[in-house]
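Start from the sequences and build out the full structure, keeping to the hints where you can.
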Amino acid sequence: MSHDHDHEHSELSDIELRVRALETLLTEKGYIDPPALDELIETYETKIGPKNGAMVVAKAWADPDYHARLMNDATAAIAELGFTGRQGEHMVAVENTAETHNMVVCTLCSCYPWTVLGLPPVWYKSAPYRSRAVRDPRGVLAEFGVSLPEQTNIKVWDSTAEVRYLVVPQRPAGTDGWSEQKLAELVTRDSMIGTGLALDPSKLEEAA
Amino acid sequence: MNGAHDLGGQMGFGPIELEENEPNFHAKWEERAFAVTLAMGATGSWTLDRSRFARESLPPPVYLSSSYYEIWTLGLQKLLVENGLAGRDEIDAGHATSPAKEIKQVMKAENVAGILARGGPVDRPENQPARFKPGDRIRTKRMNPEHHTRLPRYARDTVGTIEAVHGVHVFPDTNAQGLGEQPTWLYGVVFEGPDIWGPDSDPKLTVRLDLWEPYLDPV
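Protein sequence lines correspond, in order, to chains W and V.
For what it's worth, our numbering labels the leading residue of the first sequence as 1, then goes sequentially.
For what it's worth, our numbering labels the leading residue of the second sequence as 209, then goes sequentially.
With a Cα cut of at most 27 angstroms, we get these calculated DSSO-like pairs of lysine-lysine: (1) K349/V / K155/W; (2) K412/V / K349/V; (3) K236/V / K29/W; (4) K316/V / K286/V; (5) K29/W / K316/V; (6) K412/V / K125/W; (7) K47/W / K316/V; (8) K155/W / K341/V; (9) K203/W / K51/W; (10) K236/V / K125/W; (11) K286/V / K236/V; (12) K309/V / K286/V.
Just so you know, these hints were derived from the structure itself, not from any lab.
All values reported here derive from a predicted model rather than from experimental measurement.
Spelled out as structure tokens, the structure:
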């Protein structure tokens, strides 16, 4: 790594300087327009995130017709709620049951369903998760505080193509008659990756 | 290619580091690196497959010791040079010293929402009959290409079962090399844990991958 950069920038790290240099260069070349960068960041900070996916799951729990559409054609069913496009062009929903638990990984890079979950967390993109999820998912789940019965099947989905997977966690007991809005509060990001379960309703009341 | 990125089944990386209420970005430069990379992708100067190859072909010590957005930044620098959009000297200097190359489009703020909402679907019209159907047994190819591929090492030369037929999708192996989309059938293939990992595998584990027809042979 080069450390001979301008003295006035000495408080900035090498990577900060590299990124700043790239943005300046590409702006001068006319390839990028800085307001578009601000808009991109703002979009993923405020509009696209796991609240989208939680709405999808809660609706599937509450509405049997929507559930059927989601399992049949997730891309179309998710688009009904207005979530379409980049890194969600080809969606598939996979449902956890008492018999089978689903967990999603991308061992080769960081493929993740952006339209419903937003940008992936660091651990999802990291070597420890990517290396172990396909070989030792029970060990991985233990690190997330999740312990499944020995007889539960675990199916790990390695996102090797442009198909993106949304896990539909099991609906917790004691939520009969809940509104979609209230159900959505039980649906965590990790529960839609398969490294977590939906929250216990009593936890929600404690938090409230 | 058998790069450092092909992590499935590798050992020794230690525990998963979890962060409560993790932000999308951990520093300003990460925001800018993210947005610059997306905005350059939107110029249409290269494919998503090519950009993945630019990252995974970083030297393994660099790949494994760099953070996610550092990898993106290094990958972007390679793509700019390879495509003649900027010189290495300009990248180091952070200023343009040669004329810009003509590009297809520049992403403007007012177009961001539309571009993201459209995304980049990779399904294509059916061009030949599918070779496999759900329930068919297949064996993945033993192969070690130096180019981009999406058949991970841990799932090569392994018997599995076709579970889903996704349709005809862009073939990343050729698309990343500039040899065109060459769309072909994409399948969801399920493997039993012991068929991948041997007798030590969790007996209740199955692993499902999405694999293109050229990766598969009938059993």
